[in-house]
Amino acid sequence: MKNSFFSRFTPKEPKFFPLLKQLSDVLSDSAAVLVESLQHDLPAERADYYKRIKDLERKGDKLTHLILDELSTTFITPFDREDISSLASCMDDVIDGINSCAKRITIYNPRPISESGKELSRLIQEEAAYISKAMDELETFRKNPAPLRQYCSKLHDIENQADDVYEFFITRLFEEEKDCIELIKIKEIMHELEKTTDAAEHVGKLLKNLIIKYA
Amino acid sequence: MKNSFFSRFTPKEPKFFPLLKQLSDVLSDSAAVLVESLQHDLPAERADYYKRIKDLERKGDKLTHLILDELSTTFITPFDREDISSLASCMDDVIDGINSCAKRITIYNPRPISESGKELSRLIQEEAAYISKAMDELETFRKNPAPLRQYCSKLHDIENQADDVYEFFITRLFEEEKDCIELIKIKEIMHELEKTTDAAEHVGKLLKNLIIKYA
Amino acid sequence: MKNSFFSRFTPKEPKFFPLLKQLSDVLSDSAAVLVESLQHDLPAERADYYKRIKDLERKGDKLTHLILDELSTTFITPFDREDISSLASCMDDVIDGINSCAKRITIYNPRPISESGKELSRLIQEEAAYISKAMDELETFRKNPAPLRQYCSKLHDIENQADDVYEFFITRLFEEEKDCIELIKIKEIMHELEKTTDAAEHVGKLLKNLIIKYA
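Protein chains in written order, with the numbering used here: chain L, 55 to 269; chain Z, 55 to 269; chain C, 55 to 269.
Extracted from the complex, chain L is given alone in its bound form (with noise of 0.2 Å):
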């Protein structure tokens, strides 16, 4: 029994800095990816991307997976648990967003995606961008938080812009658009995008909260 009273003296301290990167770059990798995708409208190019984002997806999952297996067998650890499993949790949950994103739009084969819609996949690819960099202060902040807080200001940021855009394609979309099945594959498509910006955002509460617990 790994967790036996005696097993949790074990001396056993995974790196979960190295791991919480290396996911913060699949993300990144499927954000580019995302990005690119919106370029390309015929059925099988939408179908391609969509299978590389959904390999980047379970190259996640099982990154996911390791760290949080590593923390449910690990007595030492440079937070607590329930951080560290949050933070790789919640940048699971973005790569999954994208994920959604590329599925729908293969599976709904909408017209083209708005411009809208492009802006919010280069916000996601942004908010990316800012959580690969907090991983890389995840061994300093307590000393100097003051990157990693900038870091956390810019995803919220972000959020409150992919927001507003949404906001303001959804009441134009809904007062134009007169094709009912195209109307529901563009508004659920952007909801996706839309949702996917909040998640990323929550990667940054998390931090956050981290910044509040131990800096």
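The reader is advised that the hints may include incorrect statements.
A pair counts as met if it fits within one copy or between any two copies, since identical chains are not told apart.
[Claimed, not checked] Restricting the straight-line Cα-Cα distance to at most 20 Å, the calculated cross-link-like pairs of lysine to aspartate or glutamate (EDC-like) are:
no.	residue 1	residue 2
1	LYS241	GLU173
2	LYS259	ASP217
3	LYS113	ASP211
4	LYS105	ASP217
5	LYS75	ASP109
6	LYS187	ASP79
7	LYS267	ASP123
8	LYS108	ASP218
9	LYS259	ASP150
10	LYS267	ASP217
11	LYS75	ASP218
12	LYS241	ASP252
13	LYS259	ASP123
14	LYS267	ASP137
15	LYS259	GLU124
16	LYS172	GLU221
In case anyone wonders, no lab produced these hints; they're calculated from the structure.
Using the hints, position chains Z and C against chain L.
Here is chains Z and C on its own, set in the frame of chain L:
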């Protein structure tokens, strides 16, 4: 490091009950604004009410984070940390639900909200009132759990009423509404209202668990 | 106060394994009723099946709360509290998913459910069967994790099958279905079925974590 070995013994006891009560007041306020908003159907009026509800949502968000932050850095609390954080988070979820309803009404701009929709908003307001009363019992329910228990069963009953209103309305909507885009708008707004009554009942479930654990 | 210092040492060990097994039986029952219900298309029949599933959902809800209540007041448990509560909550989520499917079929009243929809319901029933077998392993998997490990991989495979069925069907639905309101009904019911297969796989993920932690 706030949570270092020594700091854990620094006496520090923020007033969690008043903070939870404040949060329940924000919930009651947004429920009241929602009920009033459904009396007004002009796009500009809807946008104004959404703005008011969004401001309350942000206020609730700040308050919730204040509670969670205090918890994460406090050693002694009246209950287990999780019990207080769940209570705060779930009240915040109800406020978020109200915000989602107002947001959709504004950006979808449907026909005047039905009598059933107004009824759901009144049920949300009733639930908010019972949650607010419940917050006044947190200091005392260990000795006298009867009032808190009563509020929980009220929340449960109201949620069942809301289910019936929702299911009856949606059944008729799909039988009668032929305008597909209008159906999409109404269906989703009604669903959001119904989900918000669920979120409020969830607060009741947490309170019931407190009685089981502590009374 | 049940959880006072002294009460924590009162021996008290409810039988969690039999309770979890009972919950998995409720899950298997509702899956069976769902599969059967899809053979019947009259509104009155659909309403009857929904009622039967709703009753099972309430039974599962009571059982889940009983488990969570016992946990919150029990000191010694076979696993960490969280592990048992997550297992119970996730099985309850699958039952809730089945209830959501039946509810939507009743209140939307779509055309007869497609062969793909019936296939998804059968996959849910298969998953319920593996979850039920898994509950029989909880006492013994520490010594012999092989069977439990096998059920987990089965749950994983079934979920992947469900994804393919869903994606293939929705792609065709958007290509072929011209009746917008019917498309809304079918799309959402199929999505609910697919989400329920996910919820069942999530139970498998929890079980895999138990193997990692304890076997």
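Hints, verified against the model:
no.	hint	verdict
1	LYS241 / GLU173	within (15 Å within a copy, 27 Å between copies)
2	LYS259 / ASP217	within (17 Å within a copy, 32 Å between copies)
3	LYS113 / ASP211	between (29 Å within a copy, 17 Å between copies)
4	LYS105 / ASP217	between (28 Å within a copy, 13 Å between copies)
5	LYS75 / ASP109	within (18 Å within a copy, 36 Å between copies)
6	LYS187 / ASP79	within (10 Å within a copy, 39 Å between copies)
7	LYS267 / ASP123	between (24 Å within a copy, 8 Å between copies)
8	LYS108 / ASP218	between (28 Å within a copy, 13 Å between copies)
9	LYS259 / ASP150	both (18 Å within a copy, 16 Å between copies)
10	LYS267 / ASP217	neither (29 Å within a copy, 40 Å between copies)
11	LYS75 / ASP218	neither (30 Å within a copy, 32 Å between copies)
12	LYS241 / ASP252	within (17 Å within a copy, 24 Å between copies)
13	LYS259 / ASP123	between (24 Å within a copy, 11 Å between copies)
14	LYS267 / ASP137	both (10 Å within a copy, 19 Å between copies)
15	LYS259 / GLU124	between (24 Å within a copy, 15 Å between copies)
16	LYS172 / GLU221	within (15 Å within a copy, 24 Å between copies)
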